[in-house]
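Enquirer: For reference, the chains in residue letters:
There are 2 protein chains.
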Amino acid sequence: MNQNLIVNRQILLASRPVGAPTPSNFNFTETVIPKPQQGEVLLRTVYLSLDPYMRGRMSDAESYAEPVAIGEAMVGGCVCRVEQSLNSDFEQGDWVVAFAGWQDYSLSDGSQLIKLSPEMANPSYALGILGMPGLTAYMGLLDIGQPKAGDTVVVAAATGAVGSLVGQIAKLTGCKVIGIAGGTDKCLYACETLGFDACIDHYQDDFAQQLAASCEQGIDVYFENVGGKVFDAVMPLLNPAARVPVCGLISQYNATHLPEGPDRLSALMALLLIKRIKMQGFIVFDDYGHRYGEFFSAMQQWLAQGRLIYKEDKVEGLANAVPAFIGLLQGENFGKLVVRVGPDHLA
Amino acid sequence: MNQNLIVNRQILLASRPVGAPTPSNFNFTETVIPKPQQGEVLLRTVYLSLDPYMRGRMSDAESYAEPVAIGEAMVGGCVCRVEQSLNSDFEQGDWVVAFAGWQDYSLSDGSQLIKLSPEMANPSYALGILGMPGLTAYMGLLDIGQPKAGDTVVVAAATGAVGSLVGQIAKLTGCKVIGIAGGTDKCLYACETLGFDACIDHYQDDFAQQLAASCEQGIDVYFENVGGKVFDAVMPLLNPAARVPVCGLISQYNATHLPEGPDRLSALMALLLIKRIKMQGFIVFDDYGHRYGEFFSAMQQWLAQGRLIYKEDKVEGLANAVPAFIGLLQGENFGKLVVRVGPDHLA
Chain A
1 MNQNLIVNRQ
11 ILLASRPVGA
21 PTPSNFNFTE
31 TVIPKPQQGE
41 VLLRTVYLSL
51 DPYMRGRMSD
61 AESYAEPVAI
71 GEAMVGGCVC
81 RVEQSLNSDF
91 EQGDWVVAFA
101 GWQDYSLSDG
111 SQLIKLSPEM
121 ANPSYALGIL
131 GMPGLTAYMG
141 LLDIGQPKAG
151 DTVVVAAATG
161 AVGSLVGQIA
171 KLTGCKVIGI
181 AGGTDKCLYA
191 CETLGFDACI
201 DHYQDDFAQQ
211 LAASCEQGID
221 VYFENVGGKV
231 FDAVMPLLNP
241 AARVPVCGLI
251 SQYNATHLPE
261 GPDRLSALMA
271 LLLIKRIKMQ
281 GFIVFDDYGH
291 RYGEFFSAMQ
301 QWLAQGRLIY
311 KEDKVEGLAN
321 AVPAFIGLLQ
331 GENFGKLVVR
341 VGPDHLA
Chain B
1 MNQNLIVNRQ
11 ILLASRPVGA
21 PTPSNFNFTE
31 TVIPKPQQGE
41 VLLRTVYLSL
51 DPYMRGRMSD
61 AESYAEPVAI
71 GEAMVGGCVC
81 RVEQSLNSDF
91 EQGDWVVAFA
101 GWQDYSLSDG
111 SQLIKLSPEM
121 ANPSYALGIL
131 GMPGLTAYMG
141 LLDIGQPKAG
151 DTVVVAAATG
161 AVGSLVGQIA
171 KLTGCKVIGI
181 AGGTDKCLYA
191 CETLGFDACI
201 DHYQDDFAQQ
211 LAASCEQGID
221 VYFENVGGKV
231 FDAVMPLLNP
241 AARVPVCGLI
251 SQYNATHLPE
261 GPDRLSALMA
271 LLLIKRIKMQ
281 GFIVFDDYGH
291 RYGEFFSAMQ
301 QWLAQGRLIY
311 KEDKVEGLAN
321 AVPAFIGLLQ
331 GENFGKLVVR
341 VGPDHLA
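Quick note, the sequences are listed as chains A and B, same order. Counting from 1, position 38 in the first sequence corresponds to residue 38 in full-length UniProt numbering; the numbering is continuous, with no gaps. Counting from 1, position 344 in the second sequence corresponds to residue 344 in full-length UniProt numbering; the numbering is continuous, with no gaps.
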C-alpha cells in the first residue's frame, strides 16, 4: 500500500537488536491519521532520512539521547508538507524539516520545525548537504578539525553523506584529502567525481599499507566516522598536534562485546600525550545548532557555485526503509540515503 | 664528594630500564669542567628538577623528544649560576634557568637560557610553580580544560608539582575540586592546606566508589597525570562535554606491556562520541612556550597575594638524584622534587 489520505503507515521498533538489526526488530503497522489541536499542524512525510545514529536509538545502552521505546515509531528526520494547519505560522502546503519519524503522518506544535523555501529545487537536500549531515561535516571538520592549507586530511566513509562533504570542504580549504571507502566503485567516485587526492579500499588485505603509502606526510586531521580496523590503520600515521573529530563509529554499532585484548586504552592515551593530539566527540545539534545559519549560507553558496558534488541514494517507499537501513550499517548505500515516503502532492 | 671547582660530576644513562629504573641504569662519573668558547657561558648547577617526563627520555620508544643516548648525561631543567661569561648578555653570578642536565657544569651559548631576577627569594621556584610544572598546570587546566565556576574538576597526583597547582587554580576559578593522591597524609594536605573540597586515596580498596561519591554532579574537567586504574575510576563519571587535558600517565611509564584484554580502545572512543568529550594531549613548551609571560605574571601575582601554596620536596646532593627519581615514579615524593646540587655561592 502506498501513502494515502486514509491511514497512517508506521514502522515501529518491535524489539531491540542484538548485533546487526534484522527485519524482525521492526513492525509495520497502520493506524489512524492523528488530528491536530489548536496551535498544531498535521505533517505528511515526503522524505525520510536514514542515518547511522538510528542504530543507537534502537538500543537501551546509555547514550546522548533517549532510546526509542518498544512499540513506538522509529525516530528520524524528515522533509514533510503541512497538510492541515491550526498554527498561524504555517500554511497548508508548506515544506518543513521535522523530526517526524518512520511514518506517514505526525503532529507538531511548530516549535521544532524548520521551514523550507518553496523554491528549493531539491527539498530532500535539507536532510543531507543542507541539513544535519552537512552541518556535521562542516562543523566537525572546520571547528574541531581546524584544517590548514597543506594539511593531510583523512576521512573514512568517504562517499557517505558526511564523509563526502568533509573531503570536499577539506579540498576547498587547500588540504590533501585521502578517503577511505568500501569497494572499487566508491573509491573511483571519491577520486574522479569528488576530487579527492586518493581513496583507499578498506576491503583490501593491504589496506593499512596502502593508507600509509598515501599519507607520506602523516595525517593532520582524521575525521572519524568508522572506528575499528580503520582507526587501527590511522593511529600510527597521526602527526604531532593532529586533530581527530569523533563523529561516528559505524563499524562498532552492531558490536555485542569488546574485542579480545590486549587492552589498548592506555596506548591510545599515551599516543594522545606523546603526539599532543586532540580527540573530540560531538553531537551536532547540541554543540553547533546555534551556528546553523552560518553553515547554511556557506554550503548553499558552494552548492550554487558548483563547488560541491552531492549524491543521494534514494529508496522508494516506506516499506523499503527497513532493508535500506540494515544495508546502511553494512556500507551498502552509495551516497546519502533517503526514503521517498510519499509524493510531493498527494491527490 | 661535594660540588667543587675542580671536577664536573655527572650522572650518565648507563642502560635503558626495562620496567622501573634501578640504580644500575645510571652511572656516576667525574670529568673535567668544560671551558667556554667566545659567546658561551659556563654554568654551575645549583638546583636540578626531577620530573616524571624523564622516564620517557630513558627509553628509545618513539616519543616527542629524542631519547638520552647511552653514556650521555641525563637531561633536566636546572637553576644555575653563571660562573664564567664570554657572552655579553650574561655576567658572572647571574641566576638562569637552563636545560643543563644531571651534572655540576655545562656550557651554553645563551640562546636557551632564562635569566632570573637577582632578587628572587626562591630561585628553585623557577623549576616549579614559576617554571615548567607551573606553566603545565596553568595552560593545561585553563586553555584545554576550560573550567567554569561551579564545574567539578578532578586532578590526580593532587599534591605533586603540577596537580597541586591545577587544583588551586581551579579553586581560584570557582570550581569544586576533588583530588586523588596516594596515602592519608597527602589527602589531608590537599584538603587542609591546599583547600581542595575532597581528596581520595587511590590506595583504598573502595577508591572508585569514594570518588563517585565525591563527584555527585559528575566530572567536568579531569586533569590526567596518572592513567591506569585512576582513569578507569574517572571514566564512568565524566559528564557530557567534559574536557580531559592529558598531561601525563605516570602509572604507565614503567609498564613493559599492555594490560590483558578486553581491548577497551573502542569503548573509550565511543565514550568520547556519546558524551561529546574532548581529550587532548599537550607538551607544554611546544604548545604554550609563547605564552610564558602571561602565565608568569598571573602566577607571580597569586603567589605574592598568598593565594597559592607551594611545597617543595628538596633532596640534598647530586648523588641522591637517582633514588629520588626512582621514588618519584612510585609516588614517594611529597611536593615538587628538586635536588640541591650545589650551594648558592661556591667558594
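No lab work stands behind these hints, which were simulated from the structure alone. Everything numeric in this text was worked out from a predicted model, so none of it was measured. Misleading hints may appear alongside valid ones.
For identical chains, the list gives no copy identity; a pair is met inside one copy or between any two copies.
Listed next, the in silico SDA-like pairs over lysine to any residue satisfying Cα-Cα at most 25 Å (straight line) [said to hold, decoys possible]: (1) LYS278 / HIS290; (2) LYS275 / ALA213; (3) LYS278 / GLU83; (4) LYS278 / VAL75; (5) LYS278 / LEU142; (6) LYS115 / THR193; (7) LYS278 / GLY228; (8) LYS278 / PRO236; (9) LYS311 / HIS345.
Enquirer: Each hint should be assessed against the structure and marked as holding or not.
Expert: Status of the hints after comparison with the structure:
1. LYS278 / HIS290: Both: 23 Å inside a chain and 20 Å across chains, each within 25 Å.
2. LYS275 / ALA213: within (20 Å within a copy, 34 Å between copies)
3. LYS278 / GLU83: For LYS278 and GLU83, the Cα distance exceeds 25 Å both inside one copy (47 Å) and across copies (43 Å).
4. LYS278 / VAL75: neither (32 Å within a copy, 28 Å between copies)
5. LYS278 / LEU142: The answer is both: 14 Å in one copy and 16 Å across copies each meet 25 Å.
6. LYS115 / THR193: neither (31 Å within a copy, 58 Å between copies)
7. LYS278 / GLY228: both (19 Å within a copy, 20 Å between copies)
8. LYS278 / PRO236: both (15 Å within a copy, 20 Å between copies)
9. LYS311 / HIS345: Within. Shortest intra-copy distance 24 Å satisfies the 25 Å Cα cut-off; inter-copy 76 Å does not.
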